[in-house]
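2 protein chains.
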Amino acid sequence: MRAELIAVGTEILLGQIDNSHAKFLSQDLAAIGISVFYHTAVGDNAERLIALLKEAAKRSDVILLTGGLGPTEDDLTREGVAGAFDLPLTFDEEAFVAHVTPYFERLGRTPTENNKKQAWRVGTGIFLPNPRGTAPGQYVQAAGKHIFLLPGPPLEMRPMYMESVRPRLVNLMGESAIVSRVLRLYGIGESSAELEVKDLMAGVNPTVAPLASEGEMVFRITASAQTAELAHRLIDPVQAEMERRLGKYVYGYDDDHLASVALARLVENKKTVSFAESCTGGLLTSLLVDCAGSSRALRGSVVAYDNAVKMELLQVSNEMLQAHGAVSEEVAAAMAEGVRLATGSDVGVSVTGIAGPDGGTKEKPVGLVYIGVTDGKTTNVTRRLISGDRTQVRIRAAKHALFLVIQAMKKE
Amino acid sequence: MRAELIAVGTEILLGQIDNSHAKFLSQDLAAIGISVFYHTAVGDNAERLIALLKEAAKRSDVILLTGGLGPTEDDLTREGVAGAFDLPLTFDEEAFVAHVTPYFERLGRTPTENNKKQAWRVGTGIFLPNPRGTAPGQYVQAAGKHIFLLPGPPLEMRPMYMESVRPRLVNLMGESAIVSRVLRLYGIGESSAELEVKDLMAGVNPTVAPLASEGEMVFRITASAQTAELAHRLIDPVQAEMERRLGKYVYGYDDDHLASVALARLVENKKTVSFAESCTGGLLTSLLVDCAGSSRALRGSVVAYDNAVKMELLQVSNEMLQAHGAVSEEVAAAMAEGVRLATGSDVGVSVTGIAGPDGGTKEKPVGLVYIGVTDGKTTNVTRRLISGDRTQVRIRAAKHALFLVIQAMKKE
Numbered sequence: 001m002r003a004e005l006i007a008v009g010t011e012i013l014l015g016q017i018d019n020s021h022a023k024f025l026s027q028d029l030a031a032i033g034i035s036v037f038y039h040t041a042v043g044d045n046a047e048r049l050i051a052l053l054k055e056a057a058k059r060s061d062v063i064l065l066t067g068g069l070g071p072t073e074d075d076l077t078r079e080g081v082a083g084a085f086d087l088p089l090t091f092d093e094e095a096f097v098a099h100v101t102p103y104f105e106r107l108g109r110t111p112t113e114n115n116k117k118q119a120w121r122v123g124t125g126i127f128l129p130n131p132r133g134t135a136p137g138q139y140v141q142a143a144g145k146h147i148f149l150l151p152g153p154p155l156e157m158r159p160m161y162m163e164s165v166r167p168r169l170v171n172l173m174g175e176s177a178i179v180s181r182v183l184r185l186y187g188i189g190e191s192s193a194e195l196e197v198k199d200l201m202a203g204v205n206p207t208v209a210p211l212a213s214e215g216e217m218v219f220r221i222t223a224s225a226q227t228a229e230l231a232h233r234l235i236d237p238v239q240a241e242m243e244r245r246l247g248k249y250v251y252g253y254d255d256d257h258l259a260s261v262a263l264a265r266l267v268e269n270k271k272t273v274s275f276a277e278s279c280t281g282g283l284l285t286s287l288l289v290d291c292a293g294s295s296r297a298l299r300g301s302v303v304a305y306d307n308a309v310k311m312e313l314l315q316v317s318n319e320m321l322q323a324h325g326a327v328s329e330e331v332a333a334a335m336a337e338g339v340r341l342a343t344g345s346d347v348g349v350s351v352t353g354i355a356g357p358d359g360g361t362k363e364k365p366v367g368l369v370y371i372g373v374t375d376g377k378t379t380n381v382t383r384r385l386i387s388g389d390r391t392q393v394r395i396r397a398a399k400h401a402l403f404l405v406i407q408a409m410k411k412e
Numbered sequence: 001m002r003a004e005l006i007a008v009g010t011e012i013l014l015g016q017i018d019n020s021h022a023k024f025l026s027q028d029l030a031a032i033g034i035s036v037f038y039h040t041a042v043g044d045n046a047e048r049l050i051a052l053l054k055e056a057a058k059r060s061d062v063i064l065l066t067g068g069l070g071p072t073e074d075d076l077t078r079e080g081v082a083g084a085f086d087l088p089l090t091f092d093e094e095a096f097v098a099h100v101t102p103y104f105e106r107l108g109r110t111p112t113e114n115n116k117k118q119a120w121r122v123g124t125g126i127f128l129p130n131p132r133g134t135a136p137g138q139y140v141q142a143a144g145k146h147i148f149l150l151p152g153p154p155l156e157m158r159p160m161y162m163e164s165v166r167p168r169l170v171n172l173m174g175e176s177a178i179v180s181r182v183l184r185l186y187g188i189g190e191s192s193a194e195l196e197v198k199d200l201m202a203g204v205n206p207t208v209a210p211l212a213s214e215g216e217m218v219f220r221i222t223a224s225a226q227t228a229e230l231a232h233r234l235i236d237p238v239q240a241e242m243e244r245r246l247g248k249y250v251y252g253y254d255d256d257h258l259a260s261v262a263l264a265r266l267v268e269n270k271k272t273v274s275f276a277e278s279c280t281g282g283l284l285t286s287l288l289v290d291c292a293g294s295s296r297a298l299r300g301s302v303v304a305y306d307n308a309v310k311m312e313l314l315q316v317s318n319e320m321l322q323a324h325g326a327v328s329e330e331v332a333a334a335m336a337e338g339v340r341l342a343t344g345s346d347v348g349v350s351v352t353g354i355a356g357p358d359g360g361t362k363e364k365p366v367g368l369v370y371i372g373v374t375d376g377k378t379t380n381v382t383r384r385l386i387s388g389d390r391t392q393v394r395i396r397a398a399k400h401a402l403f404l405v406i407q408a409m410k411k412e
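So the sequences go chain by chain: A and B. The first sequence stops at residue 412 when you use the UniProt record's numbering, and every number in between is there. The second sequence stops at residue 412 when you use the UniProt record's numbering, and every number in between is there.
Isolated chain A (complex conformation) (with noise of 0.2 Å):
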């Protein structure tokens, strides 16, 4: 089966935003073997939008449209995909009450007149409910293909896709389930990763994909079958020959990151953490801060950006920072036993480094990164040099130290 996507929406023709669901759909639908052979963006303009639709209608089997599905004149989506098949327009009394004034309901406000053109059917459409929104989907069949009509906003187009969308693909092709799992990687390089899963690579089902991005390495496995049940065992041999081979770099699985993850397990050991950090200035906290719950492990940071900042808060002496520079192994470690001293935290984690663009030498260079882990008996620093400007090394070092905490609750 071929499928094209097509936004609809002269914002996204003037820059004003991303057509930010090409890539979610795209990802979604090659995980269940759809082949997407175009992604293609027009404007709020009903000829331009018939003539797209005539066109695509000759290459693909399916269509998914996305936006122009408001109340406005310029919401013109149902009325190109009436237009370009050939399909009546026709105002769904019904449809209005189940699908469009519930939500106007729940905010305690009356749907304007206009609010009816989000019930009008095209030719025997079937609306796909939008619990988040004014404007239902519609799954349209004409001409022998399948047309998906779905709302803009990604807070509304995403779940309708997954509840409403994807499951109706997945019987169109004959499978009555397809399944996904993703493996989460770190320190491993995207073509050494893949090189040792080559032969998994090129299985067809289940399939695995790689994906990489800052330094983390993603594997999504997905396999298609009659029940979900089996097609989870057709997941598992693969999964664990993978786990075999690239084991000790999987840190998490589907939804995990570092910070959530790193989160989990210190809440699972009962310990709490503080950070002092340096060239990361609060970026390394404020990743596990964005995780929901995270004050039940994290005490707080000292950011000690200058070193009297790190002798008066975190006791780091005068001596030794003279002695080695502020950059060295004996103030990562004296950063992350200060901290934890200072918050009474169990573990203390630092990071100092050059994060550039300035202030690199020959013998520490840009990118040179110190990274302490201590619970108060044992102290670990691990040294980095990290490539990319100024911004990917300060990334690169936090997620480096989160997985050093996720490395440290492991052992305990």
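It is worth saying that the hints were derived from the structure and are not from the lab. Owing to the predicted nature of the structure, the values given are computational and were not obtained by experimental measurement. Only true hints are included.
Heads up, the list lumps identical chains together, so a pair's fine if it works in one copy or across two of them.
In silico DSSO-like pairs for lysine-lysine, Cα to Cα no more than 30 Å straight-line:
(1) 58 / 23
(2) 377 / 271
(3) 145 / 58
(4) 271 / 364
(5) 270 / 364
Following the hints, put chain B in place on chain A, whose structure we already have.
Below, chain B without anything else, positioned relative to chain A:
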């Protein structure tokens, strides 16, 4: 003039990367007065690319292609353009020496036989220099259309567009210069801001285009004229009128952002700063540290997540915490003064609030934030109720704190 954008690359259709060029190019094309009617992404497939280019030639005057200029067999943009417009494809030794080999020489490497493909000239195409990579661009005129082939990596594409494409487009439109100026506003909503300058937004030369994101508001004023100086003269009165109406919200221009302006103001005023963060959890400090040269103003910060840390490191009294709660005007003031003293900075800034999803009450709901700013003599605390999820509350609280720093520095 009508333009369309074509992104070439199977990785976009698989959802592995975003088509991030579309927004950048569309924004700039809109600013210089060229209408963009389609964005399309297509895979690394010559047949489909040729079909798409033939379609594009029927409906657009200018076609901008991004991607597919690498040295591998999958890089098919040159072949696609040659095929669609029936143009010869010839290896150009001179272009190879001028545009491909220098990049390798700088890296101390030798180009491979494959790289010769990157010097294949499409028809009578003009090569566009790419000092940042191995793939020169090309400007091809065929069938009365203007076709630009640009590399995929953003760090190569964007400067090539600005240096070699934009001036040619401006020229094609019969203008010699197009100039944009950006006004950056904080503290006013999108609809209120637009209402204030609706009459100016109806203008044609200069155009005034709004852009809103995460609590900030941007207006881009663009004028075209025979010379840059004349274009600036067209912009000046419109900018002056906008500042007359919206001046109190304008915090910066062009590439400024809240953190860079806050840092610049602190440095100008020779003031050092420190932050005491609770719900923002290091994010505020991190925004400042993301600006190169932040060490010129930032001394350090304390993330006081646990009340014990507020007491220990910021000298907030237990009595005050008990009487008013951690999220209160009193504690915000005490945290600001506490961090100022602890780090020895001139200005202390604090943020304490409830980011959610839990922890809200009727009196102190999720989104309630207090921001304190003190110079040791005067302390001001601002109360805000911020809507959005945990991440949004944290980002907007941090941005508001930066805005208050800018305002505090203005007064001196």
